[in-house]
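Asker: For the protein sequence lines, the chains are F and B, in the order given. Using my numbering, count along the first sequence one by one with no gaps and you end on 204. Using my numbering, count along the second sequence one by one with no gaps and you end on 204.
Think of the hints as simulated: they come from the structure by calculation, not from any bench. Keep in mind that this is a model prediction, so the values were computed, not measured. A portion of the hints provided could be inaccurate.
It does not matter which identical chain is used: a pair holds within one copy or between any two.
[As the list claims (entries may be wrong)] Restricting the straight-line Cα-Cα distance to at most 30 angstroms, the calculated cross-link-like pairs of lysine-lysine (DSSO-like) are:
#1 K53 to K189
#2 K115 to K20
#3 K189 to K142
#4 K30 to K189
#5 K142 to K20
#6 K53 to K30
#7 K11 to K115
There are 2 protein chains.
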Amino acid sequence: MEKILFDYIEKYIALSEEEKQAIIDLSVFKTFEQDAILLREGQVSNEGFFVVKGCIRCYYMIDGEEKTTAFYTEGEIFAPLCSITGQPSEYFVACVEETILAVSTPEIEQISFEKFPRFESLCRMISEEKVARNQATFDEFKTSSPEQRYLTLLETRYDLVQRVPQYQLASFLGITPQSLSRMRGRLQKRSEDGPEANKLYAAL
Amino acid sequence: MEKILFDYIEKYIALSEEEKQAIIDLSVFKTFEQDAILLREGQVSNEGFFVVKGCIRCYYMIDGEEKTTAFYTEGEIFAPLCSITGQPSEYFVACVEETILAVSTPEIEQISFEKFPRFESLCRMISEEKVARNQATFDEFKTSSPEQRYLTLLETRYDLVQRVPQYQLASFLGITPQSLSRMRGRLQKRSEDGPEANKLYAAL
């Protein structure tokens with residue numbers, strides 16, 4: 001269970017045995033059932049999550065409809081905005097499937113930073129990289145057509161296409177479920193029609 | 001010049017006189033002309049920026065057209081992805097107007113973290129907050145229509161609408177300049193037509 005967390009951290013810094021033990025002692029691993037809700041709109045939580053196994057998603061309720069905006073899977077970290085601002089959350093966080101999370105709080109962070117100041121450097125490096133990478137993802141979303149976004153998703157996060165319901169995937173791509181369905185149909189047809197069919201289309 | 005930087009930092013931690021002096025000693029303030037290019041596609045830079053005065057933007061060259069994806073104005077911080085990954089930049093960074101920046105490098109950061117470990121905590125807090133706030137901005141972009149995005153921009157970053165050319169604003173909103181122009185026309189007409197005209201429409 002800890003291995004995936006150690007592997008993630010060791011992309012940034014090599015851990016000593018003592019530090020590994022401290023992480024094991026501090027880490028609160030929790031298992032959640034499919035569809036379990038981790039955070040509701042209007043709630044405040046101070047918890048941050050590292051996904052050990054499974055998938056969580058963020059969604060908003062807009063005019064009675066769920067709008068999914070983000071997914072986090074194995075080896076990804078996520079701290080809801082309310083855990084930083086203390087303001088009520090504008091979105092829900094729920095488990096797409098049975099999920100194991102390492103759950104952190106400011107208290108756990110504080111204890112670990114005091115004992116191992118390197119852990120604070122680690123969190124700084126992880127966050128700085130996330131800011132820059134997330135901006136690049138946002139840029140790509142802005143500069144791509146829905147079809148390009150879908151093809152990029154097939155190429156870079158194919159696991160999501162397989163494990164996530166279509167209606168959640170549609171709003172994640174910024175389109176309606178009907179548009180996604182039509183687009184899949186078009187791409188399927190293109191794949192059957194011509195010799196230019198490639199493994200992406202074949203994967204549809 | 002330092003005041004805007006101190007004000008920004010003191011939203012997170014109160015600074016001692018010694019720390020303020022260290023920031024003055026370390027800060028490299030540079031002035032750039034309008035349209036000066038800070039980073040080109042394909043280049044690698046290790047510089048990060050804090051905007052003291054002015055406005056910088058990120059843009060991609062796609063099929064010979066500029067696609068602007070982000071603006072940073074007074075009191076905002078920005079580190080290009082290449083400064084973290086060491087990989088060539090996929091985008092350009094340029095000054096929209098004459099701009100004064102505090103320019104940082106990993107070396108400057110390291111010196112300051114060693115002398116004032118609290119500065120590393122500060123950078124961690126700033127980055128963690130930015131990750132969560134930027135995600136909320138991305139969520140809003142995904143779940144809004146282009147018209148809603150434009151009205152939100154008028155409400156929350158009206159300065160941008162005033163200081164930035166329309167074609168840059170259009171791709172920032174994820175639409176074509178023609179769509180933005182038509183949308184402004186529609187909103188203008190709606191404002192003239194009905195008693196429901198409000199200050200937002202009046203501002204168009």
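Asker: Against each hint, give a clear statement of whether it holds in the structure.
Answerer: Checked hints:
Taking the shortest alpha-carbon separations for K53 and K189, neither the intra-copy value of 35 angstroms nor the inter-copy value of 53 angstroms comes in at or below 30 angstroms. Taking the closest pair of Cα atoms, K115 and K20 come within 30 angstroms of each other both inside a single copy (13 angstroms) and across two copies (28 angstroms). Both within a single protomer and between protomers do K189 and K142 lie at most 30 angstroms apart by alpha-carbon distance, with minima of 27 angstroms and 28 angstroms respectively. Taking identical chains as interchangeable, the C-alpha atoms of K30 and K189 are never at most 30 angstroms apart, the minima being 44 angstroms within one chain and 55 angstroms between chains.
In this assembly of identical chains, K142 and K20 lie within 30 angstroms of each other by CA distance neither inside one copy nor across copies; the values are 40 angstroms within and 39 angstroms between. Taking identical chains as interchangeable, the C-alpha atoms of K53 and K30 lie at most 30 angstroms apart only when both belong to the same chain, with a minimum of 10 angstroms there against 47 angstroms between chains. Within a single copy, K11 and K115 get their C-alpha atoms as close as 21 angstroms, and across copies as close as 26 angstroms, so both meet the 30 angstroms cut-off.
Hint compliance for this structure: hints 1, 4 and 5 are not met, and every other hint is.
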